[in-house]
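Asker: Take these sequences, add in the hints, and give me the full structure.
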Amino acid sequence: MLKFSTGLKFAAIASVVLIAGCTTKPQAAAETPPPASTGPMTSETQSSSVVAGSEQDLKVNVGDTVHFGYNEYSVQDEDKTTLQRQAAWLQKFPAVRVTVEGHCDERGTREYNLALGARRANAVKEYLVSLGVSSARVDTISYGKERPICTESDESCWAQNRRGVTVVAGGESS
Amino acid sequence: MRRIGIAFAAVIAMIVGFAAPASAQLRVDVTQGNVQPMPIAIPNFAAPQPSDAAAGQNIAGVVRADLQRSGLFKSLDPKSFVDHITNINAPPTYANWRVINAQGLVTGQVQMQSDGRLRVDFRLWDVYGESQMLGLQYFTTPENWRRISHMISDAIYERITGEKGYFDTRIVFISESGPALARKKRLAVMDEDGANPIFLTRGDYMVLTPRFNPSAQIIAYMSYISGKPRVYLFDLESGRQQMLGDFPEMTFSPRFSPDGNKVAMTLEKNGNSDIYVMDLRTHGVVRLTTDPAIDTAPSFSPDASKIAFESDRGGSQQIYVMNADGSDQHRISFDAGRNGTPVWSPRGDLIAFSNQSGDSFHIGVMRTDGSGARIISNGWEDEGPTWAPNGRVLMFSRTLRGGHGSQIWSIDVTGRNEQRVQTPGDASDPAWSPLIQ
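Heads up: the protein sequence lines correspond to chains A and B, in order. Numbering follows this note's numbering, with no gaps: position 15 of the first sequence is 15. Numbering follows this note's numbering, with no gaps: position 325 of the second sequence is 325.
Hints listed in this document are in silico derivations from the structure and should not be mistaken for laboratory results. Here a beta-carbon is modelled for each residue, glycine too, at the ideal position from N, C-alpha and C. Check before you lean on any hint, since a few could be wrong.
Stated by the list, open to error - So these bits of chain B aren't anywhere near chain A, every CB distance computed over 10 angstroms:
hint, residue
1, Pro37
2, Glu163
3, Asp246
4, Ser273
5, Arg313
6, Asp328
7, Asp349
8, Ala373
9, Asn378
10, Gly403
To be verified - Among chain B residues calculated to face chain A with C-beta under 8 angstroms, some are:
hint, residue
11, Thr141
12, Leu181
13, Lys184
14, Met206
15, Thr209
16, Met250
17, Thr266
18, Asn270
19, Ile294
20, Ser354
21, Asp359
22, Glu383
23, Gly384
Answerer: Structure below.
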């Protein structure tokens, strides 16, 4: 009798160990996205309940989000004032470190959007650095198209999702 | 910490009985669209001991489903059968199978052995040629019955089509759950037919784009577990996951070389993404692209001599090919729209890709020089193709419009036989293993 095949071992999965999650929470801002219209606010509207130099201060009183054109990654003129406020805020609170998140709309492959999100985050970082912020205080991360804040497949949602968000990564006031 | 212990005992197969190899009258040409699937009758496998009857039904059921799913066969409804197979060692009464228009007949038998192993025999008969085409015998542990079923399906598929099958394979994928604005993404593996899903991560951090190594024991994927997106390797045997290399910025889009000794991936630095290859034995890293454009999604040719990738260096995202040392980088996609995620067929003849035309995405295939490009799927957002090991079938992610989740679909390279792959909940980023060894 002809032996066809021996020992088709599929030993493979002896055990699977699940490694616990990380202790940092870099995705916090993405999981609880800010309102789409985190527009600039003047100091007159500053909420007294927000601690100066905190993540909430950055979000509410400075503006943490800028937007990008389709498949674009250069900082738009209308967003430069937001980044100028961010840079001034960072000068005011020198212990604060931030991470710039780069996000994309759903149009684009997963890999391409990861790369595009990195370009966007880096463009925001470079602009902040050009305004005098130390590059050591600004980290970047790309979420590609994986963290939308709006899910309709139309331009108004896509425009909201194409964004760079500056989040506090450490050294905030409390 | 949770442990999942899954042992796959050895399966032994041998050719049995009726030695005279029949001339292959029964044949399906997989290169055609195959408008007429071959009718095949697969009665429940006989069980001389009543306690084995359930196994006989289960195995036949999986074989029926496998062959039906291939689109090349029509598994006839057992309720239409007028004959009842009790002795698989005698030739069947062919006329009883011709009356229900069966061209192929599979008879089988299961018997629990005194040593606790399950013995499974089957024979494939040419109903009109009145001859046996194949006979095989397997011994395995009873829990392993699904693998035996898939191996039988592969043997039948190969005997009739002349091509290797793809049923005894696994899929690594991303299991998705939760609301659209806070998706949980977990690393998971399952059998090719969606059975036996196993979750490898818990979903408290995001994972993307998993790929098997050639032995289907190691998975390369991207993970946010450390807070910094990096390529990791997950060893299925030890359950250990380990960051691949130590790079200051994002690494992503990994894919193994055909021998499994290298991983091609993308490294991002100051916003610029380029393709590198890391040798897993030496951890030496070689940079292959130096362009300020986005260069990503590398995929080796099966002979390892070339790498297909995507780049927007020409203005829009397109597919390029280079030698494995980075030389001779040239664009191969010139058709309308943007084209990305090229994946080289294991046969070496075609490259599958994601095409974006307007706002929607489709799966396409082209020859390796870029000629003959054609779109084979047509969803709202189809992307990320992966090949069955025989290069005849693809799976891909299909995301529904408006944030309504993702599913895995399969389609023949001909563009026919599109169907949803069974997954536990939503799923994306499938990668097909080679045939399990």
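Asker: Which numbered conditions among the earlier hints are violated in the structure presented, ordered from lowest to highest?
Answerer: Of the numbered hints given earlier, those the structure breaks are 4, 10, 11, 13, listed in rising order.
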